[in-house]
Structure formats: C-alpha cells, structure tokens
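Those protein sequences? They're chains A and B, same order as listed.
Going by the numbering used here, the letters in the first sequence line up with residues 322 to 552, in that order.
Going by the numbering used here, the letters in the second sequence line up with residues 8 to 380, in that order.
Keep in mind that the hints were calculated from the coordinates and are not lab data.
There's no promise every hint is true.
[As the list claims (entries may be wrong)] Taking lysine-lysine and the DSS-like style, the derived pairs with C-alpha atoms no more than 30 Å apart in a straight line are:
hint	chain 1	residue 1	chain 2	residue 2
1	B	K146	A	K528
2	A	K375	B	K87
3	B	K190	B	K146
4	A	K370	A	K348
[What the hints assert, rightly or not] So the derived label-pair ranges between C-beta atoms look like this:
hint	chain 1	residue 1	chain 2	residue 2	range
5	A	V536	B	Q91	43 to 49 Å
6	A	T390	B	A111	31 to 37 Å
7	A	A373	B	R113	27 to 33 Å
8	B	N36	A	R333	43 to 49 Å
9	A	L377	B	N36	39 to 45 Å
10	A	M338	B	S114	44 to 50 Å
11	A	I481	B	V51	33 to 39 Å
12	A	F336	B	G78	40 to 46 Å
13	B	R113	A	P397	36 to 42 Å
From a predicted model like this one, the values you see are computed outputs, not experimental measurements.
All C-beta atoms in this analysis are idealised placements derived from N, C-alpha and C, irrespective of residue type, glycine included.
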Amino acid sequence: MTSNLQYEIQLRPDFSMLKVELEQGQKVYAEPSAMAAMSPNLKLKAGFKGGAFKTLGRFFGGESMIVNTFSAENGPGEILFAPGHMGDTQHYRLTGGSLYLQRGAYMANSEGVEITGSWQGAKGFFSGEGLVLLKASGNGDVFFNSYGAILEIDVQDDYIVDTGFIVAFEDTLSYNVSVLPGLRGGGFKRLFFSGEGLVCRFSGQGKVWIQTRYVTPYLSWINQYRPQQSK
Amino acid sequence: MNQHNQSFSGGVFHPSIPGGRAGAEITINRGEIIAYTQCDGQPVFSIPINQCQLDLGGASGRMLFCRTPDGQLTIFSEDKHFAQALDLHSGGLLGNQINTLKRAVRSESKKLGFWILASSLACALILFIGYFAMLWAAKATIASLPISIDEKIGKLALDSMDVGKRLDSAHPASKLVQSIVDKLQPHAAIPNMKFKVIVVEDPQVNAFALPGGQIVVFTGLIREATSAEQIAGVLAHEMSHATLRHGLQSVSQSLGIVAAIQLFVGDIGGLVALGAQIAQQSILTSYSRTSETEADLEGARMLHAAKIDPQAMAEFFGLLKEKEGDIPDAIAWISTHPQHSTRIENIKNHQKSFPATQYEPLDLNLKEAQEAL
C-alpha cells in the first residue's frame, strides 16, 4: 500500500508551482530540471527507471529517458517543482487504473506509479499528438502540467475536444479521432477555412483535462512580432 | 473450480463514491460480480451476472464494462481473463455479447487500417506521377534549347578532364575513326552538329560522347574490335548520346529544370561550370539505363541509314559479353548499363522494323590502324 504524498499546488493557474512535503524515507520522481528548490537533506539520484522498454516508451512519448529520484533522508523535507512553461499543474490519484497524458505533460509522480509510452497507432497519427501517448499506471500520485490553465471535464456520454487542447484523460474513456461533425460532408472548403480541424471524440465515462490555451496559435500570433534578421 | 478465487484489478463508477470513481479488486462469486473498492470506508458493490449489460471500450479498446440496467453502477476491468471468467460463470449467457462486441471493435480497426493504406498509396502515386512529369518536362525543355549550350558544356568538360595521351589526328587510327564518323554524320538526327573524334591511348575497351558532339575513343576499343563495322557500331551509339542530348538531360536532372533554363537565358558563368562538372561525372559513370537503350536504337537507325549492318553493334556487345561476362541477373536491374544480352536482343528486334537494304562493307583498313598502335 502506498501512502499519499503531502502536496500543495501554489500560484495557480498561470505560474503554478508544486510543493511536496516528504516524510522520512519517502520518495518522489520527477522529470529532469523540474526541481526549483528543496531542503538540503533530500538526496537526488538520476537514472533510467523501469527498464529499457519503459524508458524508450517515455522517450517516444516526448519525455526525457532520465527520471530524477528525490528521497528524504535523516528526517522530513520539502521540494518545489516548476513546469517548463507557464501553465497550471494538476494532481491525479491512481487507484489501479491508468491515466493517459499528452506528450510532454508529465511532471512528477510518487512511488507505485509507472510512467511509460503507449502506442496509439493510427489514432496518434491522425490526431497530431504523436504516435505514442504517455501512460501513468499503478497506485499512487501523478502530477501533470499544461500550457494555460486546466479545466476538468467529467464526461458522461460523448464529448469533443480539439486535439491540441487535450492534456490528460482517464483510461475508461474511449476516444476516436474524427473531423468536426459539422464539417463532414461540407467539403474541403469548410475544413480549410473554418480553422477547425481534427478533433477527439471521447465516449464512455471518465474525466478529461483540457488546457485553456493551445501553443501553436500562440506561436503563429507571436511570430509576426519577431524581429527580421538584418541582411 | 478455483475460478472462484480469481480476482481482477479494475474499478467502479457509482454516484456514492467521492469523485464518482474508485479503483477496485473484482471477483465473480455465486452469480454476482463483486467489486471491493479501496476508497474511504471500503464499500463493496455487486451486480448479478444475469442483469449485467456489457460494453467494450476505454482508451485501449479492451476494457470491459458491466452496467446495471439503470446505469447507476458500473464495474470495469482491463484484465484479459475477466471476459473469460464472465463467460464461464454466466453459463454462456454473456459469451455471445462479448464476442459481438469484440467483432465490432475489430471491424472498426480494420476500417481505419484501410484508410491509412489508401492514403499512403495515394501519396506514393502522386510522388510517382510527379517524378515522371518532371522528367518529361525536362526532356521537352531541353529539346527547345540551342545546341550551342551542349557545345559549351562539352568543351568545358573536356578541357577540365585529364583523359590521357591523345593520338595525333594524322595517326592511322585517328583517321580510321574520323572517316567512320564522317560517313555517319549525314544521318545524324541533328544535321548541324559538329562531331569531333579524339583517340586516347588507354587499354580500356570504351568510348564516350560529350554534349555537343565530341567523342573520345580509347585505343583499347580499336585493338579489340574484329571489324571496322564494330567500331562504327560503337561510334553510332555514342553519336546518338550527343544527338539525343543525354548529357544535358542528366545535367538538368541534377540541377533541375530551372537551372537548365537559366543556362539558356541568364547568368551563365557559374552554372555552366557546374553543369560541366556534372556532365563529366555522369558521362564517366554512365548514363541511365533508358538513355543507353535509346542510344542503342538511335545508333542502329543511323547505321542502317549509312548502309552499315547494325548487326555489327550487336556483334561488339557479344564480344564484350565474352570478355567481361554478363552481370548476374539479380544486380542487373540496379546497374545503369542494360545487360549485354538484352541490348543485343533489342537491336535485333529493332532492325526488323527497318526496310530491307543492301548493306555495304566499310572500305577501311582496320589491320593497318591496329598495327600502328
């Protein structure tokens, strides 16, 4: 049985930071360079985790192959983690099931959780989210982060999310990649000019976390202010 | 039966659970699916098997959901033995439901697979057509360019090439080769092309043509030939490379059509030099298979028109075949030169389409030229 981590997510949502209070002997795992500050009695160990297959799975899921392990020795301690970009951090408690994460969304986890890649095949190919999604499974806590704030949606039947806004979803939801229903049959014109493209249709029962901003449109907006290279 | 003790890891949906969902260990016992949750108070949920409504789904597509008819309670597991156990305990009641669900999932994934295959085939087809359209466009463009470009590139290529010791044009071998070229020239496809032969002292049994009509013949070829007609055959082949403008074609394929046009209209200096370098390389390493076959057939036409038996060209390939042997079939298709036996066959077939003519032997002294070498 794994004990819950004592945690607090501060400064939400735009510049969030995760604070974890570790008891003596407790461990927390995090992606490299996520650590911002910590008590001096925490020990860091960097390395591969979970064997070659799981390590490669993480790599194809857009994460580092290395996982940092922080353990509290000689008494309790606290540690602060910061996501790589502005945005919120979300906690999820795994109880034997799995949680699927968007590429790069993983931040940290407690003992008892395994992070690996999950081959999505054709669905991944069409969704533009990469062929491999990250999959967190086991018993314990997992923390993930988004670009923008995070909105939790409790899906009861069907729900449609633009592929660029998905952060995470529960394993009980099935999903299909499709063209937005109104666009289907409207010909290519609508597909190209509406600015809406491929969407994920979730069905079943479970939770989806979406982010309130999507990186690509932001990049194209900011690109016009980029200074021109002088000749 | 020890299936009674079998337990599966999964979960439960129920409104009474905080958050609506909890992880659970599931067992099947006495006609009931029982879920032992791990959340606060550890409540236990159960569904009688005969009331269970099944559904297959989840992110993996392999999660089995059992629902009560009112949809309030759902027990689910991804364990692959869960379906088997349900089938067994229901006495076949749920087996049909499970199989129908699995079939539906399979056909869905088949449909998706079909679309992927179809779209990748379409992409391949577009690339394939695009490639040949490019080749065709390059050929059409080259036909409209003046020959002076060929000559420029050919001259540059030859000047920058170290071909070896050139024989004097008064040498009997040079005279022999030049007189054959003179005989063939009136029948060349481009009437105003100036052909010039350079004989180079080299044991290689080879000859090559540069764009614009300069032809280099190695003395090895003259030595190995058993008749002047055979040399005429090789010369006709090389002259055809020049009149078919294969040199410019390989340049344009390397530089692109735009560059080929630029050669014609604008800033020539740098591009011509680059073109010369590419021409030189591609000529020394050989033209493409299609170009070789084209030159064979055009060469046979020229020989026929000059009243020289095209058979001599085939004969010479036969000689080469004896000397170096055929390329093994397996690698023939990647090698740029067609197989000798295929070439001989092609020439013979092509010759059948010509009107019957009385061929005249060449009035040339090959012996004398060979002895002078």
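Hints and how they fare:
The hinted pair formed by B/K146 and A/K528 fails the criterion: a straight-line CA distance of about 61 Å is larger than 30 Å. At most 30 Å may separate the alpha-carbon atoms for a hinted pair to count; A/K375 and B/K87 meet this at roughly 21 Å. A distance of roughly 28 Å separates the Cα atoms of B/K190 and B/K146; the hinted pair therefore holds under the 30 Å criterion. Between A/K370 and A/K348 the alpha-carbon distance is near 14 Å, which keeps this suggested pair within the 30 Å criterion.
Between A/V536 and B/Q91 the beta carbons are some 44 Å apart, a value that agrees with the proposed interval 43 to 49 Å. At roughly 44 Å, the beta-carbon separation of A/T390 and B/A111 lies outside the given 31 to 37 Å, and the hint is violated. At roughly 31 Å, the beta-carbon separation of A/A373 and B/R113 lies within the given 27 to 33 Å, and the hint holds. Checked against the given bound of 43 to 49 Å, the beta carbons of B/N36 and A/R333, roughly 45 Å apart, stay inside it.
Separated by about 41 Å at the C-beta atoms, A/L377 and B/N36 satisfy the suggested range of 39 to 45 Å. Range check, A/M338 to B/S114: about 48 Å between beta-carbon atoms, so the 44 to 50 Å window is met. With their beta carbons about 36 Å apart, A/I481 and B/V51 fall inside the hinted range of 33 to 39 Å. Here the CB-CB span from A/F336 to B/G78 is close to 42 Å, well matched to the stated 40 to 46 Å.
Taking 36 to 42 Å as the suggested C-beta distance range, the pair B/R113 and A/P397 does not conform, at roughly 53 Å.
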